[in-house]
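Undergrad: The residues making up each chain are set out below.
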Amino acid sequence: MSAETVSVTGWGRTAPTAARLIRPRTYEEAVAAVRDCGARGGIPRGLGRAYGDAAQNAGGAVLDMTALDRVHVIDADSGIVLCDAGVSLHRLMRVLLPLGWFVPVTPGTRHVTVGGAIGADIHGKNHHVSGSFSRHVLSFELLTADGEIRAVSRGTPLFDATTGGMGLTGVILTATVQLQPVQTSLMSVDTERARDLDDLMARLSATDDYYRYSVAWIDLLARGASTGRAVLTRGEHAPLDALGTRARRDPLAFRPAQLPAPPAVLPEGLLNRRTVGWFNELWYRKAPRARTGQLQKLSTFFHPLDGVPHWNRVYGRGGFVQYQFVVPYGREDTLRRVVRRLSERRCPSFLAVLKRFGDADPGWLSFPLPGWTLALDIPAGLPGLGALLDGLDEEVAAAGGRVYLAKDSRLRPELLAAMYPRLDDFRALRAELDPRGAFVSDLSRRLDL
Amino acid sequence: MKDAFGLPQSLLVLGGTSEIALATARRLVARRTRTVWLAGRPSSALEQSAADLRALGADVRTVAFDALATESHETVLGKVFAEGDIDMVLLAFGVLGDQAHDEREPLDAVRVAQTNYTGAVSAGLVSARALQAQGHGSLVVLSSVAGERARRSNFIYGSSKAGLDAFAQGLGDALHGTGVHVMVVRPGFVRTKMTAGLPEAPLATTPEEVATAVELGLRRRSETVWVPGVLRWVMSALRHVPREVFRRLPL
Numbered sequence: 000m001s002a003e004t005v006s007v008t009g010w011g012r013t014a015p016t017a018a019r020l021i022r023p024r025t026y027e028e029a030v031a032a033v034r035d036c037g038a039r040g041g042i043p044r045g046l047g048r049a050y051g052d053a054a055q056n057a058g059g060a061v062l063d064m065t066a067l068d069r070v071h072v073i074d075a076d077s078g079i080v081l082c083d084a085g086v087s088l089h090r091l092m093r094v095l096l097p098l099g100w101f102v103p104v105t106p107g108t109r110h111v112t113v114g115g116a117i118g119a120d121i122h123g124k125n126h127h128v129s130g131s132f133s134r135h136v137l138s139f140e141l142l143t144a145d146g147e148i149r150a151v152s153r154g155t156p157l158f159d160a161t162t163g164g165m166g167l168t169g170v171i172l173t174a175t176v177q178l179q180p181v182q183t184s185l186m187s188v189d190t191e192r193a194r195d196l197d198d199l200m201a202r203l204s205a206t207d208d209y210y211r212y213s214v215a216w217i218d219l220l221a222r223g224a225s226t227g228r229a230v231l232t233r234g235e236h237a238p239l240d241a242l243g244t245r246a247r248r249d250p251l252a253f254r255p256a257q258l259p260a261p262p263a264v265l266p267e268g269l270l271n272r273r274t275v276g277w278f279n280e281l282w283y284r285k286a287p288r289a290r291t292g293q294l295q296k297l298s299t300f301f302h303p304l305d306g307v308p309h310w311n312r313v314y315g316r317g318g319f320v321q322y323q324f325v326v327p328y329g330r331e332d333t334l335r336r337v338v339r340r341l342s343e344r345r346c347p348s349f350l351a352v353l354k355r356f357g358d359a360d361p362g363w364l365s366f367p368l369p370g371w372t373l374a375l376d377i378p379a380g381l382p383g384l385g386a387l388l389d390g391l392d393e394e395v396a397a398a399g400g401r402v403y404l405a406k407d408s409r410l411r412p413e414l415l416a417a418m419y420p421r422l423d424d425f426r427a428l429r430a431e432l433d434p435r436g437a438f439v440s441d442l443s444r445r446l447d448l
Numbered sequence: 000m001k002d003a004f005g006l007p008q009s010l011l012v013l014g015g016t017s018e019i020a021l022a023t024a025r026r027l028v029a030r031r032t033r034t035v036w037l038a039g040r041p042s043s044a045l046e047q048s049a050a051d052l053r054a055l056g057a058d059v060r061t062v063a064f065d066a067l068a069t070e071s072h073e074t075v076l077g078k079v080f081a082e083g084d085i086d087m088v089l090l091a092f093g094v095l096g097d098q099a100h101d102e103r104e105p106l107d108a109v110r111v112a113q114t115n116y117t118g119a120v121s122a123g124l125v126s127a128r129a130l131q132a133q134g135h136g137s138l139v140v141l142s143s144v145a146g147e148r149a150r151r152s153n154f155i156y157g158s159s160k161a162g163l164d165a166f167a168q169g170l171g172d173a174l175h176g177t178g179v180h181v182m183v184v185r186p187g188f189v190r191t192k193m194t195a196g197l198p199e200a201p202l203a204t205t206p207e208e209v210a211t212a213v214e215l216g217l218r219r220r221s222e223t224v225w226v227p228g229v230l231r232w233v234m235s236a237l238r239h240v241p242r243e244v245f246r247r248l249p250l
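Going line by line, the protein sequences match chains A and B. If you read the first sequence in numbering that gives the first Met the number 0, its first letter stands for residue 0, the second for the next number, and so on. If you read the second sequence in numbering that gives the first Met the number 0, its first letter stands for residue 0, the second for the next number, and so on.
Hints are computed from structural coordinates only; laboratory data are not their basis. Ideal Cβ placement from N, Cα and C applies to all residues, glycine included. Hints are supplied without guarantee of correctness; some may be wrong.
[As the list claims (entries may be wrong)] So the derived list for chain A, only partly shown, Cβ under 7 angstroms to chain B, looks like this:
(1) Ala18
(2) Leu20
(3) Ser408
(4) Asp441
[What the hints assert, rightly or not] A few chain A residues that don't get close to chain B, going by computed Cβ distances all over 12 angstroms:
(5) Gly9
(6) Arg39
(7) Arg93
(8) Pro106
(9) Arg211
(10) Asp240
(11) Asp423
(12) Asp424
Only chain A is shown next, with the shape it has when bound in the complex (with noise of 0.2 angstroms):
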């Protein structure tokens, strides 16, 4: 177990902060790293995935898991896998892809571990059918601040507590996750493209629930009348017949792309309302009008992002926020004018992506409700952009909705408690379990979690 005072940021690479980086090789030394990790406390952390400084804390200790990376048992017929919470589902994947099965839920990426899926309670294209992570684990091993390790089961407080609860209650070990088979390694994708938000929002309503994964991407920098124009991309994973005989010899094949990583400094302001806008010109234009029955990798259908190494480098030294909320069905009314007060300020934000949640699950913290949620990146340097959020802050708290605490850098801690109903239960068992505070973030301390 190694330790060195690093600095750390988030994804979004905003707001670092120093902290000594411990890396567990073993449960015990990752007990020991609870135990000594010192009055400003420890957090985990697995491949630094989240945008904001959920995985930072200034001062203290940052546990970094992914040496605990182990896959201990696949059950290759009933599709549960038993692994360290330092696996990544991109190794699952892997592991997984040629026995049949995938990962039940993938967020943008592959490069995020088991215990960060749960710590964030991650939610992917299939939110609507699939719900969250949480949702297909079956239990995990819990190390929690007293130095014990905890067996943690669903339907319990503590597994509520952990499942979107940002690393907060403790450090996860392990975990048994229930896989979802798969027959190849390719989807079946049909795009389409939508003129408007209301056409947009209208096609996702009819027909979300014919598709296991469902997303459109929004052009932001689009005005006036084509506000909210978009492309719809649906799939389902391509079932063995869809192939043609040559990708049926492999029908599971895991193979991404990868492309070089951009140069480590990049000038800042390379993403203007200009480069941005083209790109989105481009992307909207490219996409067919509507094609059915593509096959695409699986890779370029969920992590087409994860082709690029270090793809936030190209935001500059300046970093970049990423802004998600969700706003609960029948309140459209927020969701359009949030998307047209982005549109009139001409935030150059890449494709926004919109979608829609199905039932939540009961992670306190858990950020999907049933409704639509927007993701989008804008440059952290652009002027006037804390005040432009906070105030869609303020509109999605009126509307019953909330932002992703993964993704987000730059909350009004007095809004939290109207986003999170359940946060004093959270705060309630956290210093319950953890009198200490041996637990604590970056995140925590903003916030006050």
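Guided by the hints, dock chain B onto chain A, whose structure is given.
TA: Here is chain B on its own, set in the frame of chain A:
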């Protein structure tokens, strides 16, 4: 904690009656800042400053602090940091002195130097250590263009600011990579009670403009901020003016 835009939730002002500091605090309270510590010599002005910020919704506390009492800095500031993280320390105390008088009274000149430089070295180092221990935070140091090149009309003040400026730059380099950000702010002539009655220099600015520049600098994590920004170029030109000519400039 600071947010993605570098805005602090808690602020410690050293020199709690400084107009520039209060303008900055007002601006930050309107954004994210909820807790403000005003450190200064106990006075009705300090309490009034606190009341004004409280009226804006901040939780404001005052603490007795004397820049000249360097032996007390460790204790006084230690107590503030013991109460919780400080996301930003604004080092804003300083005196202008009276150049003509101070030239005749070396002890008074020394007082200017001790306040502006020695006091800042002490408070700056104490704050820097505390910020480093918490692994984050900004130390914003109010320097002055007067430190960039000493002028006949206020070289005592200017030399003290020159020392402060060099100290703060070096401290920034020392703290690079520790999570602590040091930002040196160099305003030109600022219209405040400190400069009331003085002939106004070109490119004069206001405390509010300094506050705006500070907020921008925090967002950009700048190391040096000039207010107004054009002074960067004016001063870099003036630095290279031969002394023979500089001496005769109406500055």
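Undergrad: Any of the earlier hints contradicted here, and which numbers?
TA: The structure conflicts with hints 2, 5 and 6, although it agrees with all the remaining ones.
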